[in-house]
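One letter stands for each residue in the lines below.
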Amino acid sequence: MNFYYFSSPATFYRLAGTMAPFFFAAALATGIAGLYMGFVVAPTDAQQGEVYRVIFIHVPAAWMSMFAYFVMACYGAISLTFNTRLAAMMARAIAPTGAMFTFVALWTGSFWGRPTWGTYWVWDARITSELVLLFLYLGFIALANAFEDPRRGDRAAALLAIIGVVNLPIIYFSVQWWNTLHQGSSVSFKGTSMHVAMLWAMLLMAISFWMYTIGAALVRCRTIILERERRAQWVRAMT
Amino acid sequence: MDHQFYLWMSYGATALALAAEMVALRAGRARARRLIEEERDLEAQD
Chain A
1 MNFYYFSSPA
11 TFYRLAGTMA
21 PFFFAAALAT
31 GIAGLYMGFV
41 VAPTDAQQGE
51 VYRVIFIHVP
61 AAWMSMFAYF
71 VMACYGAISL
81 TFNTRLAAMM
91 ARAIAPTGAM
101 FTFVALWTGS
111 FWGRPTWGTY
121 WVWDARITSE
131 LVLLFLYLGF
141 IALANAFEDP
151 RRGDRAAALL
161 AIIGVVNLPI
171 IYFSVQWWNT
181 LHQGSSVSFK
191 GTSMHVAMLW
201 AMLLMAISFW
211 MYTIGAALVR
221 CRTIILERER
231 RAQWVRAMT
Chain B
1 MDHQFYLWMS
11 YGATALALAA
21 EMVALRAGRA
31 RARRLIEEER
41 DLEAQD
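Quick mapping for you: the protein sequence lines, in order, are chains A and B. Last residue of the first sequence: 239 (my numbering), numbering continuous. Last residue of the second sequence: 46 (my numbering), numbering continuous.
Honestly, the hints are just simulated from the structure, not real lab data. Do not rely on the hints blindly, as some may be mistaken.
Derived contacts from chain A toward chain B, CB cut-off under 10 Å, selection only [said to hold, decoys possible]:
id, residue
1, V51
2, V54
3, F82
4, F101
5, T108
6, G109
7, R222
8, I224
Just so it is clear, the structure is predicted and the values come from calculations on it, not from any experiment. For glycine and all other residues, C-beta sits at the position ideal for the given N, C-alpha and C.
Bound-form chain A, shown alone (with noise of 0.2 Å):
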């Protein structure tokens, strides 16, 4: 198969229209799965009660929001090593999503916290972290926005991108670094402490999080691409 096939935003184009609705109704279909899982199957937790069920949504949209920030500086990365206009278009293009789900993840834990902890916020180690991931994203947007010529923006936010990955290890690893308010992780590669039909409905939702974000950010790619190159022939015979 060749690569650089794909990375011809005109081919690109064409295969993420026809991708896209796929991974909007696998969303769909597996964010249905897991509320169902999650609000019906999975029992009331002894300690928490009914509450704790803001993690079918508060843990995957943590989770996809360090992996959204990741694949984005991946992108930046090889848009800076490769000089590719596709990889930076694919950056920007789930920006956007991955600040959506940092905001969800910090919001949800919010409520989360105000009932479990006795507060809607505390500077924990944890939740500033999260934040500083936050003012990434943001930061990120407006450094590709800021420039009249978009490839100078897509080459400083790839850049600023690429430094803050320092802050993933920071997000993960704040809970056994330092001594937090927030708890540690609940599943991880050794197993887990949850009940069984606890974890499926919190698994189900993370696909269905990481389905919308490639949905939407093959949607999003497709418009920077139309905005790109609207003066190319392929587009004007297209549009």
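With chain A fixed as given, assemble chain B onto it according to the hints.
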């Protein structure tokens, strides 16, 4: 406060955020298409 408040505020806000992004995606696409149309009209006038 009742646990329903915290659940609604969490799930409701997430649904709103997702809906807002979908609207923004559609608006962005419409803007890009309008831009192409405008450029084409300008070129036709020239």
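Cross-check of the supplied hints:
1. V51: This interface hint holds because 4 Å falls under the 10 Å limit.
2. V54: holds (5 Å)
3. F82: This interface hint is violated because 25 Å lies over the 10 Å limit.
4. F101: Hint holds; A/F101 Cβ to chain B Cβ min 8 Å, cut 10 Å.
5. T108: holds (4 Å)
6. G109: Constraint on A/G109 satisfied, holds at 9 Å.
7. R222: Nearest chain B Cβ about 7 Å off; hint holds.
8. I224: holds (8 Å)
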